[in-house]
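Chemist: Quick mapping for you: the protein sequence lines, in order, are chains P and Z.
Sequential numbering from 2 applies to the first sequence in the numbering used here.
Sequential numbering from 2 applies to the second sequence in the numbering used here.
Note that these hints are calculated values from the structure, not bench results.
Values in this document were obtained by computation on a predicted structure and should not be read as measured data.
Each residue gets a CB set at the ideal place from its N, CA and C atoms; glycine is no exception.
A hint or two may mislead.
Listed next, with one range per pair, are the computed distances between beta-carbon atoms [claimed, not checked]:
#1 P:L384 - Z:E189: 57 to 63 Å
#2 P:E418 - Z:G148: 33 to 39 Å
#3 P:M474 - Z:Y207: 57 to 63 Å
#4 Z:G114 - P:E287: 20 to 26 Å
#5 Z:I181 - P:H428: 52 to 58 Å
#6 Z:E132 - P:M474: 29 to 35 Å
#7 P:H428 - Z:R113: 47 to 53 Å
#8 Z:E117 - P:M471: 19 to 25 Å
#9 P:L87 - Z:R143: 51 to 57 Å
#10 P:I417 - Z:G151: 38 to 44 Å
Computed far set for chain P versus chain Z, every beta-carbon distance over 10 Å [said to hold, decoys possible]:
#11 I159
#12 V209
#13 E287
#14 Q439
One-letter residues, chain by chain:
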Amino acid sequence: MAAVPETVEQVKDLSVDQYKYGFTTDIETVKAPKGLSEEVIRFISAKKDEPEWMLAWRLDAYERWKTMTEPRWACVHYPKIDFQDLYYYSAPKSTQGPKSLDEVDPELLRTYEKLGIPLEEQKVLAGVEGARVAVDAVFDSVSVVTTFKEELAKAGVIFCPMSEAVREHPDLVQKYLGSVVPKSDNFYAALNSAVFSDGSFVYVPEGVRCPMELSTYFRINEKQTGQFERTLIIADKGAYVSYLEGCTAPMRDENQLHAAVVELVALDDAEIKYSTVQNWYPGDKEGKGGVYNFVTKRGDCRGRNSKISWTQVETGSAITWKYPSCILRGDNSRGEFYSIAISNGHQQVDSGTKMIHLGRGTSSRIISKGISAGHSSNTYRGLVSAHRKAVGARNFTQCDSLLIGDQCSAHTVPYIEAKNAHAHFEHEATTSKISEDQLFYCMARGLDEEAAVALIVNGFVRDVLQHLPMEFMAETQKLIGISLEGSVG
Amino acid sequence: MLEIKNLHVRVEDEDTEILRGIDLAVPKGEVHAIMGPNGSGKSTLSYVIAGKDGYEVTDGSITWDGEDLLALSPDERAARGVFLAFQYPVEIPGVATLTFLRTAVNAVRKARGEKELNTADFMRLVREKAEALGVKQDMLKRGLNVGFSGGEKKRNEILQMALLEPTLCVLDETDSGLDIDALRIVSEGVNTLRGPERAMLVITHYQRLLNYIVPDRVHVLQEGRIVRSGGKELAEELERTGYAEFGEGKAA
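Okay, chain P solo, but in the shape it has when bound (with noise of 0.2 Å):
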C-alpha cells in the first residue's frame, strides 16, 4: 500500500546526506538514516501506513521523550548511549547478517546444538542472511499455523501484529494503547511510543477462555519485531488468555539497544498469563556486543476480580532493566510475579516487579530467583505500596539470591509503602551460595560439574518453575545449566 502523500513530501524534503545513508525506496532493503527525529518518526509511520491518529500520537511521544533524561537509579553500568547515532527503522529484510552458519559465533552455534534446535531455525535465530524465507517456507507447508489460525477466529480471539491491529481494529487500539504504560511514563516508555517497531495484539472478548497458550513462536514468519517491539493484550469481562513470549535460544541481534512496551489489561473476573523467557545475546567474554533490554512491561487489573499473573525467565541480554509490574485498581483483583534472572559472565541484571495496590481487597504474591556466577551482578528491586483505599492489602514476597563463586554480586532493594492501616505486607529474603558440599555431594553421584550446579539451581528456582507452561519447563531447566556453563571451577 502506498504511504499517504504527506509523508511522501516529507520523506522527499530529507536532505542529500541522509539519503545516502541507504536511504532509498526499494521496499527490500530500506533503511531509516541513523538518528532520530520528527522525519524519521514520519517515514516509519508512514512504512506502516498508519492513519493520522498513530503518527500523532508517536510524535507527540516524540515530544514528551525530547524533555526527558535517561533513567540513571538502576544497579547497572554502561557507557553513555548516544540517541542520535542509531537506527530507529529497518526493514524486515535486513542485509546486515552473517552469510551462512560459518559466520556465526561457534558458541552460539554448540548453544543451539545443546538446545536441539534444527538447522534451519538456527539460522535464522543467528540472524543468517536469507535465511528468514527458507524458514518461511517451511512454516507455510505446516498446516499448524493455518489450524491455529482458524481455531482463534472460532473463538473470536483477535491476536495479529500491532501494526495490522492499528488498521484493522483501530477503536480498540485507540481505547487501549497508552492506557497501561503512558507516552511519557518513562524515557525508554516515550521513546518506544515514538519509534516502535511492531510487536502483538491480542484481544479476548467478553466470556471467552482463549482456546489456547499464543505464543510469539507462532508469528515468528510473519514479520521481524525489532528492537522497539509493542504489545498490548486485551482481555474483557470473564476472559482469560495465556501468552508466551520469547524462546530458549540465545536469538543474535545487530541493534544493542532494546526498549519493548508492554500493556496487559484484564476486565472484570478478567485473566492474563504472560510468561517470558528471555534470552538475547548476553556478549561475549568480556560482555561485548550484547543486547541492551531496556523493557516496560505493565499490567492493569482493571476490572474487578481480574488477575494478572507474570512469569520470566530471563537469562541474556548484557544488561536487564525491566519491572513486569501490576495496578491492582479493581477491587480484589490479584497480581503475580514469578522470576528467575540468571547472570553470568559480565552480564548485568536489575529486575524486580512493583505491585500497586489500589483496592479494596487487593492481593499480589511475588517470588523472585536471582541466580549471579562468574562477574555478574543481579539486583532484585521491587515497590509494593497499598494507597489509602486499598484497605484488606495483601502481599507476600520471597526473594532468594544463589551466588556461584566470589566474583559475582546480588543486591536485594525492596520498597515497601502502606498507606493504610488495614495492609498485611510480608516479605521474605535469603541470600545463599552453592557449597561446596553439595557440589561435591553431587560429583561423586557421578555428576558432572555442571549437571551438578544445573541440578542444585534448577533446585533453587523450583518454585518458580512450576509456574512456567508445561512445555516451556523441560526447555528452561536445559537453559539453566547452559546459562550457567563456565560458572564453577
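Given the structure of chain P, go ahead and fit chain Z onto it with the hints provided.
Modeler: The following block gives chain Z in isolation, referenced to the frame of chain P:
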C-alpha cells in the same frame, strides 16, 4: 583391589598432617572395617578416596583396579565404581529425591557406556530397591535429604548405593544416628550388596555395626596411621578395652 600406599594427607593451607602414611589393601569380595576414635582421620580417608576438594595428598597413592584414583575427579571415580555413603548426607532443596536418583543413575550409566534408563524401567528399579530398604514413596518425592530423619538419610544413602551398583563401597559411619531397627535394615541392605566383584570399606566408631556387617578384616586407625590389623575378633577386643589401649607408643 583397592590399594592405598604410604598415603599422607593434610588439609589445604594447614600444616598438620591428618593421614600420616596409610597402607591398606582391600581385595574384591572382601569387607574391611576401619575403626578409630574421633579425629583419627577416618572421615578424611573416605573423602580422599572419593575425591573431595580441600585435601592435599603430599605423598603416596590410591589405586582402584590398578588405576590411579587421585588423578580423577569425583564424578570420574563414581563412573569407575567408587561410592561413598556419607556420614552427613547433604540437603539439596527443591530437587526431588527421585529426580536426583534418576539423574545420578543415568549419569553413571552414560559414563560407563550403558544405556540410560527410561522412566518406566527406572521407576520399577527404584520401587524394588526402595521397598527392600523400607524407603517410602513419599520420601522419594521430597527434596533430597530435606527434613529427613537421621535414619531416612542413611537409608537413602544405601538406596543410592543399591541403584548405582558400585564396585568399591566406602561407608562412612553409616551407623551413626540409627536406632536398632534402622541399623538392621541398613545392614541387610549392605549385606545383600556383598559379592565377589565388590570391595567394601566400612568406617565406624563402634563395634556394634560390625555385628551386622561382619568384616573380613579390621584395621584400627589412630592419629592418621593404621596401628593394628586383624580379623573380626579385633573389633570385639576393641570394644572391651577401648581405643586407649592402642596408643601410638604401644603400636610402635
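Chemist: Take the hints in turn and mark each one as holding or not.
Modeler: Results for each hint:
no. : hint                        : verdict
1   : P:L384 - Z:E189: 57 to 63 Å : holds (58 Å)
2   : P:E418 - Z:G148: 33 to 39 Å : holds (36 Å)
3   : P:M474 - Z:Y207: 57 to 63 Å : violated (47 Å)
4   : Z:G114 - P:E287: 20 to 26 Å : violated (39 Å)
5   : Z:I181 - P:H428: 52 to 58 Å : violated (46 Å)
6   : Z:E132 - P:M474: 29 to 35 Å : holds (30 Å)
7   : P:H428 - Z:R113: 47 to 53 Å : holds (48 Å)
8   : Z:E117 - P:M471: 19 to 25 Å : holds (22 Å)
9   : P:L87 - Z:R143: 51 to 57 Å  : holds (52 Å)
10  : P:I417 - Z:G151: 38 to 44 Å : holds (40 Å)
11  : I159                        : holds (39 Å)
12  : V209                        : holds (36 Å)
13  : E287                        : holds (28 Å)
14  : Q439                        : violated (5 Å)
This entry does not satisfy hints 3, 4, 5 and 14, going by the numbered hints stated previously.
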